[in-house]
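Engineer: Use these hints to put chain G onto chain X, whose structure you have.
The listed protein sequences derive, respectively, from chains X and G.
If you're matching positions, the first sequence starts at 6 in our numbering and goes up one per residue.
If you're matching positions, the second sequence starts at 2 in our numbering and goes up one per residue.
Just so you know, the hints here were simulated from the structure itself, not pulled from any lab data.
Honestly, I wouldn't trust all of these hints.
To be verified - The calculated lysine-lysine pairs, modelled on BS3-like cross-linking and capped at a C-alpha distance of 30 Å, are:
(1) X/Lys234 / X/Lys344
(2) G/Lys49 / X/Lys353
(3) G/Lys53 / X/Lys128
(4) G/Lys49 / X/Lys105
(5) X/Lys105 / G/Lys53
(6) G/Lys54 / X/Lys7
(7) G/Lys8 / X/Lys128
(8) G/Lys55 / X/Lys7
(9) G/Lys8 / X/Lys105
(10) X/Lys262 / G/Lys16
(11) X/Lys105 / G/Lys54
(12) G/Lys16 / X/Lys174
(13) X/Lys7 / G/Lys53
(14) X/Lys128 / G/Lys61
To be verified - Residues from chain G shown here face chain X by an in silico Cβ test under 8 Å; the list is partial:
(15) Val27
(16) Ile36
(17) Lys49
(18) Phe81
(19) Met85
Ideal Cβ placement from N, Cα and C applies to all residues, glycine included.
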Amino acid sequence: MKTLPFVEFNTRIYPSNSNKRVPLDATLELTYRCNNKCVHCYCNIPISDQQDNREELTTSEVIRLLDGLASMGSLYLLLTGGEPLLRTDFKEIYLYAKRKGFLIALFTNGTLVDDKTVELLSKYPPFVVEISLYGATEETYEKVSRVKGSYEKCINGIIRIVDSGIKLKLKSMAMTINQHEIETMDKMAQQWGCEFRFDPIITKRLENSYFSNPEQYRLSPEDVVQLDKTFPKRMEAWQKFCDKFIGYTPSDDRLYKCGAGITMIHINPYGFAKGCMMMAKDGFSIRTHNLRWIWEEGILSSISRKKEFILPCDTCNLFNLCGQCAAWSIVEHGDIAKKVDYLCDIAKTRQKSFGFLV
Amino acid sequence: MHTILRKNEHVVFRKIDDEYILVPLVSSVADGESIFNLNETGAIIWEKIDGKKKLTDIVKEIQREYEGEEQQLENDVFSFVHEMATANLIEVL
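In isolation and in its complexed conformation, chain X is listed as follows (with noise of 0.2 Å):
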C-alpha cells in the first residue's frame, strides 16, 4: 500500500499521452438559485422560483446519478450552484455522495453556513470548501451581491469553517465595482489562513435572464493585467504557464480541445449532462437517457465534432493564453464560428505587458 500525495495521484489517473475517456471530474449543479443575486452570475436564479425548484433533480434523481457517477468511475465531486445549500437535502445528498468514496469540493457563498452545516463539515470533510467573497469591505459585497447584511453572514460562514478546520479556500471573481479591493481580500484570506485567487474573466449568463447582466461589469484589458501585476505569484505562474504553452497553434480540426467530455462531466440542476459547464446549448438529460449512454455515446458525439470554419485564432500562436474554444464562442455570441475579442483583446494585452512574453 502507498500513500500518495494527491499531486502524485492524480499524474498517475490523469496521464497526458492517454485517449482514455474516464469522467474523473463531475461537477453537479445542484440548483440554479441562490440567496444573493450577484451582478456578474452567469446562472442564478431568484431563491423564490418555485418553479424552477420543482423542474430540480429530486433527491432520488440525485442519488442514482451519484450512483451512476461513481460507478464510472467518477472520483472528484464538486457541489455547486446556485446555492448549493439552499437545498433542504443538502445533507443527505452529501452524505451519500461521501459513503460513495467522491473526494468532494463545496462551492458555497458561505452565507448559509450554520451550526449544523459545520457539525456535518467536521465529522465528515470535503475535500475542500471555496467560498466566494465579494469584497473586502460591506459596501463592496453587498453592491455586487445585492443583499443587505450578506456580508456578515459571508464572514461569519468563513469564520466558522476556518473554526472548525475544515480547508477552505476563498475567490472571487474581480470586476469594476470590486476590482480596487482584491488585495486586500487576498490579506484576509491570508489573515484566516486560506489561499485566495481570483478570476477577471467573466461570463455572459448560459440562458438569458433580468436577474443580471454580467458583461457590463468586465475589467479592461488594462485592468485585467495590471490586477495580474500587482501579484507575483500570479505573474511567476503566468510565466511558468507561458513557459509551458504559448507559442503552439492548434494542431487539429477538433472543436474542443480541452479535457471537456475526457475527464469532466457536467450535469446542471435539470438534470443535463454535458461534457463542461459552458457547453451551454449541448446536453442529454439524465431522466431520458441512461448515464453511461450519455457518456459514452451522446458526450463522445459532442466532442468529437470537426471544426468546419476557419478562424483567426486557428494561427495564432498564443491560442493557450486567451482560452478561445466554441463554448465560450456559443455563450458570448450565440454563434460557434465567431471568435470572443473579449479573450482575444486580454491574451494580447498581456502579450504587450508581460515582459517574458515579448
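Structural biologist: Positioned in the frame of chain X, the structure of chain G alone reads:
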C-alpha cells in the same frame, strides 16, 4: 494468525480507472492531503476482509491463488495487514 480482520466502516474502496484506492470518510483516518493507493494484490486482500475470516484463512487463500514461496506470501500479507491496521483502515479483532 487467528485474529479476525474487519474493515473500518468509514473507509470506501474504489477502483478508479486502473487504480485501486481507499477513501476515508472521516478525518481520523486521513490527513486530507494524500490517498491510500493499493496494488492489485492489496485490492484482492481488501476484498477478502469481511469481518468473519481469520487472518490465517486469508493467507491460505492468497497462497492458493498466487504463485510464489509460501512463507514470502505470508510475510507479504502480514506486512500489508500491519500497514492497514496502523493506518486505521482495518481493525484487528
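Engineer: Each hint should be assessed against the structure and marked as holding or not.
Structural biologist: Each hint tested on the structure:
1. X/Lys234 / X/Lys344: Cα-Cα ~26 Å, so holds.
2. G/Lys49 / X/Lys353: violated (59 Å)
3. G/Lys53 / X/Lys128: Between G/Lys53 and X/Lys128 the Cα gap is close to 28 Å, so the pair holds against 30 Å.
4. G/Lys49 / X/Lys105: holds (20 Å)
5. X/Lys105 / G/Lys53: This hinted pair holds, its Cα atoms lying about 23 Å apart.
6. G/Lys54 / X/Lys7: At roughly 24 Å apart (the allowed maximum being 30 Å), X/Lys7 and G/Lys54 satisfy the hint.
7. G/Lys8 / X/Lys128: holds (19 Å)
8. G/Lys55 / X/Lys7: holds (24 Å)
9. G/Lys8 / X/Lys105: Distance ~16 Å between G/Lys8 and X/Lys105 Cα, so the pair holds.
10. X/Lys262 / G/Lys16: Cα-Cα ~27 Å, so holds.
11. X/Lys105 / G/Lys54: Answer holds: X/Lys105 to G/Lys54 is near 25 Å, not above 30 Å.
12. G/Lys16 / X/Lys174: holds (28 Å)
13. X/Lys7 / G/Lys53: Holds: X/Lys7 and G/Lys53 sit about 26 Å apart, inside 30 Å.
14. X/Lys128 / G/Lys61: Outside the cut-off at roughly 38 Å; violated.
15. Val27: holds (6 Å)
16. Ile36: holds (5 Å)
17. Lys49: Hint on G/Lys49: violated, closest Cβ of chain X at ~15 Å, above 8 Å.
18. Phe81: holds (6 Å)
19. Met85: holds (6 Å)
Checked against the numbered hints above, the structure breaks hints 2, 14 and 17 and satisfies the rest.
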